[in-house]
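S.K.: Each chain, letter by letter, is given below.
Protein chains: 2
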Amino acid sequence: MSLRFYELAAADPAVRFSPHCWRVRMALAHKGLEAERIAWRFTDKAAIAPSGGGAVPVLVSGETWLSDSWRIAVWLEESFPDRPALFAGAGGRGEAGFVKNWTETVVQPGLMRLIVKEIHDALDPGDQSYFRESREARLGERLEVLHDGREARRPALREALAPLRRTLGDQAYLGGDAPLFSDYIVFAAFQWARSVSAWPILADDDPLHRWLDGIGGLYGGLADQAPRAA
Amino acid sequence: MSLRFYELAAADPAVRFSPHCWRVRMALAHKGLEAERIAWRFTDKAAIAPSGGGAVPVLVSGETWLSDSWRIAVWLEESFPDRPALFAGAGGRGEAGFVKNWTETVVQPGLMRLIVKEIHDALDPGDQSYFRESREARLGERLEVLHDGREARRPALREALAPLRRTLGDQAYLGGDAPLFSDYIVFAAFQWARSVSAWPILADDDPLHRWLDGIGGLYGGLADQAPRAA
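First to last, the protein sequences are chains L and D.
Residue numbering for the first sequence follows the numbering used here, starting at 30 and increasing by one per position.
Residue numbering for the second sequence follows the numbering used here, starting at 30 and increasing by one per position.
By construction, these hints were calculated from the structure, which means they are not laboratory data.
This structure is a prediction, so every number in the text was calculated from the model and none was measured.
Hints may contain errors.
Said to hold, decoys possible - To spell it out: a stretch of chain D is covered by chain L in this simulated footprint if at least three of its residues, at any positions, have a beta carbon under 8 Å from a beta carbon of chain L; those stretches are:
{"#": "1", "stretch": "151-159"}
{"#": "2", "stretch": "199-206"}
As the list claims (entries may be wrong) - Okay, the calculated beta carbon distance ranges per label pair:
{"#": "3", "chain 1": "L", "residue 1": "Ala119", "chain 2": "D", "residue 2": "Ala232", "range": "38 to 48 Å"}
{"#": "4", "chain 1": "D", "residue 1": "Glu107", "chain 2": "L", "residue 2": "Ser158", "range": "52 to 62 Å"}
{"#": "5", "chain 1": "L", "residue 1": "Ala201", "chain 2": "D", "residue 2": "Gln157", "range": "41 to 51 Å"}
Stated by the list, open to error - Partial list, derived from the structure: chain L residues whose beta carbon lies under 10 Å from chain D:
{"#": "6", "residue": "Ala119"}
{"#": "7", "residue": "Thr134"}
{"#": "8", "residue": "Phe160"}
{"#": "9", "residue": "Arg164"}
A virtual CB, placed ideally from N, CA and C, is assigned to each residue, including glycine.
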């Protein structure tokens, strides 16, 4: 089955930084699936219109257009049950839902306010004004103001990562001895940050580095070796 | 196999409020296991000395003394594999570990600062001075000062529950369609609060009530009908 995968791209089309796209990229690799990767920009709604939405990731399989990283992961799990599992069954999928919601209410909003100016700067010029306008409206602040004040906000994010840090002090992955989709959900947020920013989110001695390095090295260093804007 | 279960008790020995003990109580019910429940007080270290620790829950099975709610749950899962599962396999146990650490770094500390004075007031007089001294040292504040300022701190806890609220808007339980130990971990924190305090932690219209009511009604209303100090 041939798959096409629309990924958000920066000005440099080789730089694919979206956290939701990285979840899918890791999930595809976990399943051992190849996909034709297609660079997509915020302003290119027409290309993904058959998905019914206006955002990536979008995965296309034959006549099936799928959007939303969670739904894509569930579809991959159901469509390729003989490949390595992304979820620990139905119960584990429920618990992965909690990891997803924690990531989307704590980690991603926290990171966004630290790196939003650098995301903007990495974007294709055609995407920059859309991005600035929508994000400044959502965040209630100019990107430059957020950027200038980020040092003061970093300790709160580091502290908010405590449950992740404690868990990964006790076990190798969120999925226990081996990574599951829940690991990729959180990892993808960090991959997003380092794709556009070299500014250190974590302290050098943060034990989370071990886990991040482990996932970054999976599948031939897929994430570690991906092109970055920073 | 006969089980003995040491539970923290309030001045009224029928009131068992410890969140860690409630995790085990729900886990035993989930497995359909009976245990002889023994009231324990903070100052009664000798009674549980064979567990190697000084805190409850302690579960005793023959010559085996187990402490720590997580280790007890893992032991129950391994010892009674034919009973309903507490974890969605090894991967789900990993993800439950994240739920545990989120509960212990976000939910329980947040609740503690709201209800600590009421916990104190519910305790057996013999436990009160130990509790006051140790908790005031840990929290860096007099119990009465924490109590008087709690209204101002409640909104932050409600907001910190966002990932739980979002997850349980999408699905019935953290474990998906049916409760798992991860559900009991979080539920037990709320059971702790209502066992000693009638002060409303959540807004009346919080959608979390549906989930709390659902678990409270399980196993013949085990948690809903448990004696409370408040």
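S.K.: It remains to establish, for every hint, whether it holds in the given structure.
M.R.: Here is what the structure says about each hint:
Only residues whose beta carbon comes within less than 8 Å of a beta carbon in chain L count, and the stretch 151-159 of chain D has 0; fewer than three means the coverage is violated. Under a criterion of three residues with beta carbons nearer than 8 Å to beta carbons of chain L, the stated coverage of the stretch 199-206 of chain D is upheld, 7 such residues being counted. Under the hint 38 to 48 Å, the C-beta atoms of L/Ala119 and D/Ala232, about 31 Å apart, miss the expected range. The given range of 52 to 62 Å is respected by D/Glu107 and L/Ser158, whose C-beta atoms sit roughly 58 Å from each other.
For the hinted restraint 41 to 51 Å between L/Ala201 and D/Gln157, the CB-CB distance of approximately 43 Å keeps it satisfied. Look at L/Ala119: its Cβ gets to within about 5 Å of chain D, closer than 10 Å, so that hint holds up. The restraint placing L/Thr134 at the interface with chain D holds, with a minimum CB-CB distance near 4 Å, inside the 10 Å limit. Checking L/Phe160 against chain D by beta carbon gives a least distance of about 25 Å; that is not within 10 Å, so the hint is violated.
At its closest, the beta carbon of L/Arg164 sits 20 Å from a beta carbon of chain D; the interface hint therefore is violated under the 10 Å criterion.
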